[in-house]
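Undergrad: Following the hints, put chain B in place on chain A, whose structure we already have.
Number of protein chains: 2
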Amino acid sequence: MDFLELARKRYSVRSYRADPVEREKLERILEAARLAPTAVNIQPFHLLVIPTTGREAELLRIYNKKWFVQPPVVICACGIPGKSWVRKDGKNYNDVDVAIVMDHLILAATAEGLGTCWIGAFDLGAAKEVLNLAVGVEPIAFTPVGYPADRPPEKKRKPLSELVRYVSW
Amino acid sequence: MDFLELARKRYSVRSYRADPVEREKLERILEAARLAPTAVNIQPFHLLVIPTTGREAELLRIYNKKWFVQPPVVICACGIPGKSWVRKDGKNYNDVDVAIVMDHLILAATAEGLGTCWIGAFDLGAAKEVLNLAVGVEPIAFTPVGYPADRPPEKKRKPLSELVRYVSW
Numbered sequence: 495m496d497f498l499e500l501a502r503k504r505y506s507v508r509s510y511r512a513d514p515v516e517r518e519k520l521e522r523i524l525e526a527a528r529l530a531p532t533a534v535n536i537q538p539f540h541l542l543v544i545p546t547t548g549r550e551a552e553l554l555r556i557y558n559k560k561w562f563v564q565p566p567v568v569i570c571a572c573g574i575p576g577k578s579w580v581r582k583d584g585k586n587y588n589d590v591d592v593a594i595v596m597d598h599l600i601l602a603a604t605a606e607g608l609g610t611c612w613i614g615a616f617d618l619g620a621a622k623e624v625l626n627l628a629v630g631v632e633p634i635a636f637t638p639v640g641y642p643a644d645r646p647p648e649k650k651r652k653p654l655s656e657l658v659r660y661v662s663w
Numbered sequence: 495m496d497f498l499e500l501a502r503k504r505y506s507v508r509s510y511r512a513d514p515v516e517r518e519k520l521e522r523i524l525e526a527a528r529l530a531p532t533a534v535n536i537q538p539f540h541l542l543v544i545p546t547t548g549r550e551a552e553l554l555r556i557y558n559k560k561w562f563v564q565p566p567v568v569i570c571a572c573g574i575p576g577k578s579w580v581r582k583d584g585k586n587y588n589d590v591d592v593a594i595v596m597d598h599l600i601l602a603a604t605a606e607g608l609g610t611c612w613i614g615a616f617d618l619g620a621a622k623e624v625l626n627l628a629v630g631v632e633p634i635a636f637t638p639v640g641y642p643a644d645r646p647p648e649k650k651r652k653p654l655s656e657l658v659r660y661v662s663w
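Read top to bottom, the protein sequences are chains A and B. This note's numbering applies: residue 495 is where the first sequence begins, and numbers increase by one. This note's numbering applies: residue 495 is where the second sequence begins, and numbers increase by one.
In isolation and in its complexed conformation, chain A is listed as follows:
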C-alpha cells in the first residue's frame, strides 16, 4: 500500500467489534513499534498490552468512553523520561520518542486492517493506579486495538499553505 493511502486510511475509530485480534497481527504491530527510532537509540519506553475482557470497569476509570473497552485489546505507550535523551538546553525528548513509537504502531495496525484511536485525554492517576505503573513510568497515549464498527469520517485538516513555510533566504 502506498504510504499516503495508508495515512488517509487511518482515522480515530470510535466504535469497535468485539472480535479477537489475531496474535500474528498483534505481534507485527508491536514489531513495527520496536523498529521506531528514538533519540540516541535509548528506547526509553514500555508498551503495555492490556486485555479488556472482564476489566471494563477499571479501564473505564482511565478513559470513560464505552468504545474504549469494546475491542479485546488496549495498548498503552509509556515513557521513561528519567532515562531519555536530554538536549544540553534541558529539553527532554521522551514525549517525542514515545509518539514516534505509537505512530509506528498505529500506522502498522491500520495496514493490518485494524482500528485505533490516539487517546491523550485519559485520567493520569487512574492509569498509574489501575495498571500499577512503576515510579518513573509515564503513560503518554492509549489506543484501543480492534476491528472497526464505524466508518471513517471526512478528514478535516488545514491546507498546506497554513502549515508549511518555504524559507527563502
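Derived by calculation from the structure, the hints in this document are not laboratory data. There could be a bad hint or two in this list.
The list treats identical chains as interchangeable, and a pair is accepted whether it falls inside one copy or across any two copies.
Simulated pairs of lysine-lysine, DSSO-like, Cα-Cα distance not exceeding 27 Å [stated by the list, open to error]:
{"#": "1", "residue 1": "650", "residue 2": "585"}
{"#": "2", "residue 1": "503", "residue 2": "519"}
{"#": "3", "residue 1": "559", "residue 2": "649"}
{"#": "4", "residue 1": "577", "residue 2": "649"}
{"#": "5", "residue 1": "577", "residue 2": "650"}
{"#": "6", "residue 1": "650", "residue 2": "622"}
{"#": "7", "residue 1": "622", "residue 2": "585"}
{"#": "8", "residue 1": "503", "residue 2": "650"}
{"#": "9", "residue 1": "649", "residue 2": "519"}
{"#": "10", "residue 1": "519", "residue 2": "560"}
{"#": "11", "residue 1": "560", "residue 2": "503"}
{"#": "12", "residue 1": "559", "residue 2": "585"}
{"#": "13", "residue 1": "559", "residue 2": "519"}
{"#": "14", "residue 1": "652", "residue 2": "560"}
TA: Frame of chain A, contents of chain B only:
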C-alpha cells in the same frame, strides 16, 4: 510496500547526494504530514522547508555536521505549544503532536526512496535566530531530505521482551 518493510527500510541517513528532490515527492511527503492526527485536531505545528544551497554556513550553526547540508532541502518541524491541547493535569501534548507529524513525513520520505535523519541535538538558539522563528514557535526536530549516499547500518533494538509487558489481571 508492507508497513513493516517500510519501518525496516528507514534508517538515519548520514551521507547525502546533492541531487535535487523532485517537487512532486516533496509535496507528497508534506501531504502525509498534513494528514497526521494531532490532539483535538488543533494542528499546532509549522513545517519549514529550507533550501540549503548557499546557506550552508548558517545552517551548520544549527547542527554542525557536514551531511546536514549535503542534500538540497532540510525540513524543520516546529510546535506552537501555546496553541496545543493541554490535559487537565497540565500535560501539554505539543511534542507528541509534532512527533506524529514528523514521523508521518519521514516514513513518507522513506516510501519515496528519500533519506532522512531525525535530529534533536540542534542548537536551539541558533535555530530560532537563523530561521527567524516567531515567539512561541519551537523547533522540535530537523531532518535533511535527499538521496542517500550511504548504506543502512544494522538496526539495533532491544528485544520485544524488554519493551512490551502483557498485562495479566
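Undergrad: It remains to establish, for every hint, whether it holds in the given structure.
TA: Hints versus structure:
1. 650 with 585: The answer is between: 25 Å across copies meets 27 Å, while 31 Å in one copy does not.
2. 503 with 519: both (18 Å within a copy, 20 Å between copies)
3. 559 with 649: Classified as within; 22 Å inside a copy, 39 Å across copies.
4. 577 with 649: between (36 Å within a copy, 20 Å between copies)
5. 577 with 650: Result: close only across copies, 18 Å inter versus 37 Å intra.
6. 650 with 622: Neither way: residue 650 and residue 622 sit 33 Å apart in one copy and 30 Å across, limit 27 Å.
7. 622 with 585: both (24 Å within a copy, 15 Å between copies)
8. 503 with 650: Within. Shortest intra-copy distance 13 Å satisfies the 27 Å Cα cut-off; inter-copy 30 Å does not.
9. 649 with 519: both (26 Å within a copy, 22 Å between copies)
10. 519 with 560: Classified as within: same-chain Cα gap 24 Å, cross-chain 41 Å, threshold 27 Å.
11. 560 with 503: Within one copy, since 23 Å is at most 27 Å while 38 Å is not.
12. 559 with 585: For residue 559 and residue 585, the Cα distance is within 27 Å only across copies (20 Å; inside one copy 34 Å).
13. 559 with 519: Close inside one copy (25 Å), not across copies (40 Å); limit 27 Å.
14. 652 with 560: Neither. Shortest intra-copy (30 Å) and inter-copy (35 Å) distances fail the 27 Å Cα cut-off.
Violated hints, in rising order: 6, 14; the structure is consistent with all others.
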